[in-house]
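The listed protein sequences correspond, in order, to chains A and B.
The letter at position 49 of the first sequence is residue 49 when you use this note's numbering, and the numbering goes up by one with no holes.
The letter at position 113 of the second sequence is residue 113 when you use this note's numbering, and the numbering goes up by one with no holes.
It should be emphasised that the hints constitute simulated quantities derived from the structure, not laboratory data.
As the structure is a prediction and not an experimental result, all values here were calculated from the model.
Don't be surprised by glycine CBs; every beta carbon is placed ideally from N, CA and C.
Hints may contain errors.
[Unchecked claim] Pulled from the structure, derived: some chain A residues nowhere near chain B, Cβ distances all over 10 Å:
(1) Glu17
(2) Val20
(3) Thr26
[As the list claims (entries may be wrong)] Reference excerpt, derived from the structure (chain B facing chain A, CB under 10 Å, subset only):
(4) Gln6
(5) Pro8
(6) Gln38
(7) Lys41
(8) Ser43
(9) Leu44
(10) Gly61
(11) Lys64
(12) Ala72
(13) Ile93
(14) Ile97
(15) Phe106
(16) Gly108
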Amino acid sequence: KQEVTQIPAALSVPEGENLVLNCSFTDSAIYNLQWFRQDPGKGLTSLLLIQSSQREQTSGRLNASLDKSSGRSTLYIAASQPGDSATYLCHDFSGGYNKLIFGAGTRLAVHP
Amino acid sequence: GAVVSQHPSWVICKSGTSVKIECRSLDFQATTMFWYRQFPKQSLMLMATSNEGSKATYEQGVEKDKFLINHASLTLSTLTVTSAHPEDSSFYICSGIKRDSRGEQFFGPGTRLTVL
């Protein structure tokens with residue numbers, strides 16, 4: 001059974017810091033891995049999608065990496081801003097709809 | 001990106017009534033749509049998977065007679081909470097997979113259901 005774990009569960013940092021959010025999964029046979037952010041009371045916004053054949057994806061200040069052999073993905077946020085405050089979720093799509101798995105999320109607070 | 005809308009964004013109803021939530025993919029065809037529920041400070045829990053023109057597949061523990069899902073077209077799926085009770089109060093979110101999008105999911109903004 002696939003399990004997805006996100007560490008840390010919560011993070012509070014001053015503005016400007018570079019951050020690393022971690023996502024680990026137990027089954028390396030993933031199809032793709034997707035990172036989302038969720039603002040309170042809102043839906044999910046897709047940030048980055050990494051296919052199983054890729055090692056990383058970049059979008060602006062965000063960089064996501066995927067290491068299937070170790071069962072890890074990391075989301076790197078450069079020069080954090082207060083607007084980055086949200087819950088970040090990683091999502092593993094293990095090639096079958098009965099294996100849709102979300103991590104519990106990392107609640108990020110960036111203070112001025 | 002691709003846009004998914006949900007209607008209504010929030011709803012309050014009396015216990016025993018039924019509530020319908022619509023999920024629409026506005027600028028793409030969603031071959032598959034998913035329905036999730038989320039309780040406060042918890043992650044999303046998949047309720048069911050629906051493919052256009054076929055019956056939904058429900059996750060273990062989700063009552064299919066209580067949560068009716070209809071995926072009438074490639075751009076519309078509906079979730080009807082029948083005979084709602086206070087414990088059904090939750091945040092319901094849908095998502096769609098765009099055809100040929102490598103499995104990337106696009107989420108709606110969610111519907112807050114409160115059952116009195």
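Point to revise | Structure versus earlier hints - violations, ascending order | key: Hints 5, 10, 11 and 12 contradicted; others consistent.
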